[in-house]
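One-letter residues, chain by chain:
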Amino acid sequence: MAGWALRRLLQALATFAASLLIIFVIMRVAPGDPLVRLESNTPLDPAEVRVLRQRFGLDQPFTAQLGNWLGGALRGDFGTSIGHYPETVGRLLSTRLPASLILGGTVFLLNFTVGVWLGVLQARHRGERLDRWLTRGSVALYAMPAFWLGLMLIALLSLEWRIFPSAQMHDPFIAPEAPFVTRLMDVLRHLVLPAITLSAVTIAGTMRLQRTAMIQTLREDYVRAARARGLEERRVVWKHAWRNALFPVITLFGLSLPVLVTGAVFVEYVFNWPGLGGLAADAISGRDYPLLMGCAMLVTGAVILGGVITDFAQHALDPRTRPG
Amino acid sequence: MRGSLLDLVRNALRSAAGRWGAFVLLVLVIGAIALPPLLQDPAAIRDAALGAQAPGGGHWLGTDVLNRDILARLVNGARISLAIAALATLLTATLGAGVGLVAGYSGGAVDSVLMRLVDAAMAIPRLFVLLLLVLVWDRIPPAALILVIGLTGWFATSRLVRSETLRLRQEAFVTAAEALGAPGWRVMLRHLLPNVAGPIIVTATLGIGDVILLEAGLSFLGLGIQPPTPSWGGMILESRSVMTSAPWTAIFPGMAIIATVLSANMVGEALRAALDPRIA
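Protein chains in written order, with this note's numbering: chain A, 325 to 648; chain B, -14 to 265.
Same shape as in the complex, but just chain A (with noise of 0.2 Å):
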């Protein structure tokens, strides 16, 4: 176990290097210079460009570039943002990252809770009219393009009949020094709409998961005896077949982040939450190198790390796949 557990860190360590590096060539060979983008709003002398590239190492081979990168990176160093110059990509990543893990700490949550719950209900009543309309409902939500929902939600819940706000994570008129629960309050209202158009349209995946792992517990004779020795059927359902129908589940969620870190592209620029898909979406116009890379390190590194707690998880809820 312990052999199996520090070769599949090792692995998610290379994969690591190995995206980054994919990134950083992509990033280099695609034209386009930071600088450009800089000039195109005031115009500067050979000289001053001359300066700038030297400051940003722009003007260095590709290896010392990386090496300078990987050196710093390595120190807790993710340099200077050219486009939000002279802020630290340091700091522009951990002024969005809060926002975007609220936004996906809840969708994650409304898909466990509320994908799981509707997965099993679809399991208990497979073949009937539930079943078949929620798996219809699902199936349709997953075809639906995020940006596309939200603007629908937007159009009817916040400016039709005012309901909720459209757009940010906080009303401008409520001072920082408010009370804590004004200010929470004001964040879930702004919350609601993002969180569910990216949880609608990522949800099937879950209930779908639940729905085929639990009809095959269902089936199971354990269930059956549970069942015979005249247990409540909620307590069957949920103590004794529940439990062993989790585990897919739990595989999805690591494996879902990449669809959850897509979507919650769009769904930040329909809502205009200042999450980091923001971020990184003005990182990758501007071709601001830096800020860049930082976006693409935490990004492919909560996916790389999604994979190995999901492996780590499912090892140790489920002793048949531990290995040796």
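Treat the hints with care, as some may be off.
[Stated by the list, open to error] Ranges between beta-carbon positions, derived for each pair:
1) D401(A) - P126(B): 37 to 45 Å
2) R377(A) - A94(B): 57 to 65 Å
3) E156(B) - R331(A): 25 to 33 Å
4) L35(B) - L480(A): 49 to 57 Å
5) A141(B) - Q335(A): 17 to 25 Å
6) V50(B) - M509(A): 13 to 21 Å
7) S97(B) - R352(A): 24 to 32 Å
8) S230(B) - V511(A): 25 to 33 Å
9) L579(A) - S230(B): 36 to 44 Å
10) F386(A) - P213(B): 33 to 41 Å
What the hints contain is simulated information worked out from the structure, not anything from laboratory work.
If you're wondering where the values come from, they're calculated on a predicted model, not measured in any experiment.
Where is the CB? At the ideal position from N, CA and C, for every residue including glycine.
Take the given structure of chain A and dock chain B to it, following the hints.
Just chain B, lined up with the frame of chain A:
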């Protein structure tokens, strides 16, 4: 072998979902090919000052902000969307099959290097790389869009094809072909490829919806199909300013995307169920 692929399709069409999906997809494809010449020019602007007109009169689905016929724009958008989806999916399937076959059949160092690279590439969200590549062009041509979407979508397919190839490599028919002196490329193309065609078709079909959503998303961000060429994502982008006063400008393109992605997914699911009846 051809017979078994035909069986796969026939079995998939036996399910109601598969039949419906295939029917809607077929209607969309035929409409996209046949209708455009019969409709107004989607880019023609007349009396733009009138703004968006509600459905009815000469315009079944109404007009957009610039008073252009929405039906004509939808149908022309379908042409672009479906063409991009088909070609990008073809590219994805070819690349995935190629890399998977080579990795699985060669084994050893080639296999390790290819699969480690695929692992690394899969850890990077597709949209991230797409944005990076799409922004190389100021106004990206459709051919480049196809290339970029196709190049970023083959990783999962290659992994699947590799594992199938690994399994098949031990089979007697492969050993027989090798014993008869067939070169590696021949074994891969003539003996292995037909046997992994089923899974390739299933993943390719299931990937069509992703491609359509990605293309619509990029166009919505203003980075995909460039105006005045109509695209579903672009139409939704243009509808943003009049969403409450003229909701039809946003609703119809959204419905078009959902109908296409949904039917493609339904066909994909039916094919998957036909290939492996146990998971249905």
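Query raised in the report: For this structure, which hints from the list above don't hold up?
Result: 2, 4, 6
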